[in-house]
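Novice: Between the sequences and the hints, there should be enough to build the whole structure, so can you do that?
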Amino acid sequence: MDSFIQLSNFPKIAPYAKLFEQGMLVTVLLSLFTVMIGFVLALVLALMRLSNFRPLRFLGLDRDGHQREGGVLAVISRFNPLSFLATAYVEILRSTPVIVQIFIIYYGVFTLVELPSFQLFGFIKFDRFFPGVVALGMNSGAYLCEIMRSGIQSIDGGQTEAARSLGLSQVQNLRYIILPQALKNILPAIANEFVVIIKESAITYTIGVQDIMSAVNAVKGATFIIIEPLLVATAIYFCLCFPTSKLIAYFERRMSRGDKR
Amino acid sequence: MATRDSLIQVTDLKKHYRMGTIKALDGVTTDVNKGDVMVVIGPSGSGKSTFLRSLNLLEEPTGGAIIFDGVDITKKKYKDASGKTVKLDIDGLRQKMGMVFQHFNLFPHMTILENMVLAPMKVKGLDRAEAEKKAMALLERVGLADRADAYPIQLSGGQKQRVAIVRALAMEPEVMLFDEPTSALDPEMVGEVLDVMKELAREGMTMVCVTHEMGFAREVGNRVLFMADGKLLEEGTPEQIFEHPQHPRLRDFLSKVL
Numbered sequence: 001m002d003s004f005i006q007l008s009n010f011p012k013i014a015p016y017a018k019l020f021e022q023g024m025l026v027t028v029l030l031s032l033f034t035v036m037i038g039f040v041l042a043l044v045l046a047l048m049r050l051s052n053f054r055p056l057r058f059l060g061l062d063r064d065g066h067q068r069e070g071g072v073l074a075v076i077s078r079f080n081p082l083s084f085l086a087t088a089y090v091e092i093l094r095s096t097p098v099i100v101q102i103f104i105i106y107y108g109v110f111t112l113v114e115l116p117s118f119q120l121f122g123f124i125k126f127d128r129f130f131p132g133v134v135a136l137g138m139n140s141g142a143y144l145c146e147i148m149r150s151g152i153q154s155i156d157g158g159q160t161e162a163a164r165s166l167g168l169s170q171v172q173n174l175r176y177i178i179l180p181q182a183l184k185n186i187l188p189a190i191a192n193e194f195v196v197i198i199k200e201s202a203i204t205y206t207i208g209v210q211d212i213m214s215a216v217n218a219v220k221g222a223t224f225i226i227i228e229p230l231l232v233a234t235a236i237y238f239c240l241c242f243p244t245s246k247l248i249a250y251f252e253r254r255m256s257r258g259d260k261r
Numbered sequence: 262m263a264t265r266d267s268l269i270q271v272t273d274l275k276k277h278y279r280m281g282t283i284k285a286l287d288g289v290t291t292d293v294n295k296g297d298v299m300v301v302i303g304p305s306g307s308g309k310s311t312f313l314r315s316l317n318l319l320e321e322p323t324g325g326a327i328i329f330d331g332v333d334i335t336k337k338k339y340k341d342a343s344g345k346t347v348k349l350d351i352d353g354l355r356q357k358m359g360m361v362f363q364h365f366n367l368f369p370h371m372t373i374l375e376n377m378v379l380a381p382m383k384v385k386g387l388d389r390a391e392a393e394k395k396a397m398a399l400l401e402r403v404g405l406a407d408r409a410d411a412y413p414i415q416l417s418g419g420q421k422q423r424v425a426i427v428r429a430l431a432m433e434p435e436v437m438l439f440d441e442p443t444s445a446l447d448p449e450m451v452g453e454v455l456d457v458m459k460e461l462a463r464e465g466m467t468m469v470c471v472t473h474e475m476g477f478a479r480e481v482g483n484r485v486l487f488m489a490d491g492k493l494l495e496e497g498t499p500e501q502i503f504e505h506p507q508h509p510r511l512r513d514f515l516s517k518v519l
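For the record, the sequence lines run as chains A and B. Under the working numbering, the first residue of the first sequence carries the number 1, and numbering increases by one thereafter. Under the working numbering, the first residue of the second sequence carries the number 262, and numbering increases by one thereafter.
Hints may contain errors.
[Stated by the list, open to error] Label pairs and their calculated CB-CB ranges: (1) 505(B) - 146(A): 37 to 45 Å; (2) 411(B) - 78(A): 54 to 62 Å; (3) 252(A) - 500(B): 56 to 64 Å; (4) 28(A) - 345(B): 55 to 63 Å; (5) 390(B) - 175(A): 54 to 62 Å; (6) 390(B) - 108(A): 51 to 59 Å; (7) 445(B) - 21(A): 56 to 64 Å; (8) 288(B) - 91(A): 39 to 47 Å; (9) 344(B) - 57(A): 19 to 27 Å.
[Said to hold, decoys possible] Which stretches of chain A does chain B cover? Using the computed rule of at least three CB atoms under 8 Å from a CB of chain B, they are: (10) 149-161; (11) 170-184.
Hints were generated in silico from the structure; no laboratory data involved. Keep in mind that this is a model prediction, so the values were computed, not measured. Built from N, CA and C at the ideal position, the CB exists for glycine as well.
Specialist: Here it is, written out as structure tokens:
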């Protein structure tokens with residue numbers, strides 16, 4: 001009987017170590033860029049969701065120019081197209097599978113938009129890597145948006161009242177008062193998102209991104225060995241994610257200790 | 262009622278919610294003159310905080326008018342002297358009204374000094390050296406210059422509120438609004454905050470204070486307003502209000518708090 005794992009298979013896949021090494025680099029780069037795109041996108045989305053942009057506001061004013069107390073016009077006047085768009089984006093991205101989104105971006109958007117085909121660091125195919133980053137970043141942006149929104153909303157309303165009564169504008173209030181406090185609170189959540197992306201990015205091998213999973217596939221195709229390369233991949237993913245999340249937990253504890261000074 | 266040198270004229274001010282079923286403010290008319298120390302008293306839920314917060318538009322009134330600097334600030338647009346329609350400069354307006362809150366609302370991620378210089382630098386465009394010099398002078402006045410580099414969390418409640426007061430003063434406002442400034446303080450710290458407010462009043466600062474400190478109202482106030490159910494029920498000198506109350510609601514209120 002063959003055992004589940006055959007140690008003799010490991011020497012056979014050893015020549016492909018370079019593939020795993022490159023795959024690991026791709027996975028890390030992919031995750032870093034994804035979180036960066038996701039962060040910026042999430043900030044914009046969260047600010048859109050929380051904005052007070054009401055182009056139909058005038059409908060809610062009565063003849064004297066005061067706010068109407070109720071009625072259909074008052075409801076319509078509160079419509080915020082920015083918030084509506086951002087909410088729609090977040091809900092759609094969160095309610096559909098990542099793989100569908102990746103395929104739509106890769107086969108849909110980036111067949112219309114021609115990407116230059118060159119290789120980053122001599123081995124990363126840009127025309128695969130870039131669509132992967134865009135798709136994962138868009139997805140991650142939707143999730144990070146909700147984290148950011150709750151972070152901003154968790155700041156006491158008195159902070160805004162104090163800032164505004166000192167004469168700071170809405171933008172200055174966000175920049176100097178709200179965001180510095182909110183970002184500090186959600187930093188651990190953003191770092192956790194990075195760990196999630198490391199794992200989720202495995203799916204990008206389906207569009208030909210040469211990450212860790214694609215190394216597994218390449219070895220499988222060349223040697224017909226399946227389990228052992230998967231175990232190597234498992235070990236690499238674990239070694240990336242476990243220390244990172246422990247490190248985050250450590251900084252989280254240290255930061256919350258600072259609050260109780 | 263409204264005289265020419267009054268700083269703020271409030272006419273029939275209303276704040277209604279839910280189609281008028283809840284009336285937080287129900288037609289308040291009064292005016293704040295330069296140098297007034299106006300104290301607003303009344304039971305909780307009487308609308309006195311809403312009244313105060315309407316003055317710098319932290320609450321949007323649903324009716325009436327507030328004339329400040331010759332402009333009705335309850336309207337989003339107004340016509341200027343040349344007849345042009347101008348948008349209300351709400352940030353510019355709020356600079357001229359300092360506000361002190363029940364819960365201090367210092368910025369916890371900044372030192373005391375940073376709290377003090379932020380608005381003068383970002384809103385008034387002072388350079389850092391100038392803003393810090395002014396801030397230190399103000400902190401000196403309230404005996405907290407040695408805490409300039411501390412964070413709010415390291416201060417006692419009374420110290421926080423004194424910082425909050427001078428932070429507002431750093432913008433050189435024309436009027437100071439106090440929203441129950443001593444209500445969140447431990448009893449032994451109330452005195453130090455009231456002392457700062459008394460000194461301000463002596464210097465001639467125009468002040469509107471919502472407070473439960475009847476001693477302060479009587480000693481420092483030159484006008485006392487009694488509110489209940491969103492209405493201004495009685496207004497007078499401290500002597501009139503405390504020694505000769507007319508309205509039965511006021512008599513009832515005073516019998517409970519004095």
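Novice: Confirm or reject each hint.
Specialist: Status of each hint after checking the structure:
1. 505(B) - 146(A): 37 to 45 Å: Between residue 505(B) and residue 146(A), where Cβ atoms are some 60 Å apart, the hint is violated.
2. 411(B) - 78(A): 54 to 62 Å: violated, 42 Å
3. 252(A) - 500(B): 56 to 64 Å: holds, 59 Å
4. 28(A) - 345(B): 55 to 63 Å: Taking Cβ atoms as reference, residue 28(A) and residue 345(B) lie about 59 Å apart, which means the hint holds.
5. 390(B) - 175(A): 54 to 62 Å: violated, 22 Å
6. 390(B) - 108(A): 51 to 59 Å: holds, 57 Å
7. 445(B) - 21(A): 56 to 64 Å: holds, 60 Å
8. 288(B) - 91(A): 39 to 47 Å: The hinted range 39 to 47 Å holds for residue 288(B) and residue 91(A), with Cβ atoms some 44 Å apart.
9. 344(B) - 57(A): 19 to 27 Å: holds, 24 Å
10. 149-161: holds (count 4)
11. 170-184: With 6 residues closer than 8 Å to chain B, the stretch 170-184 of chain A meets the three-residue bar; holds.
The structure fails hints 1, 2 and 5 (numbered hints given earlier, in ascending order).
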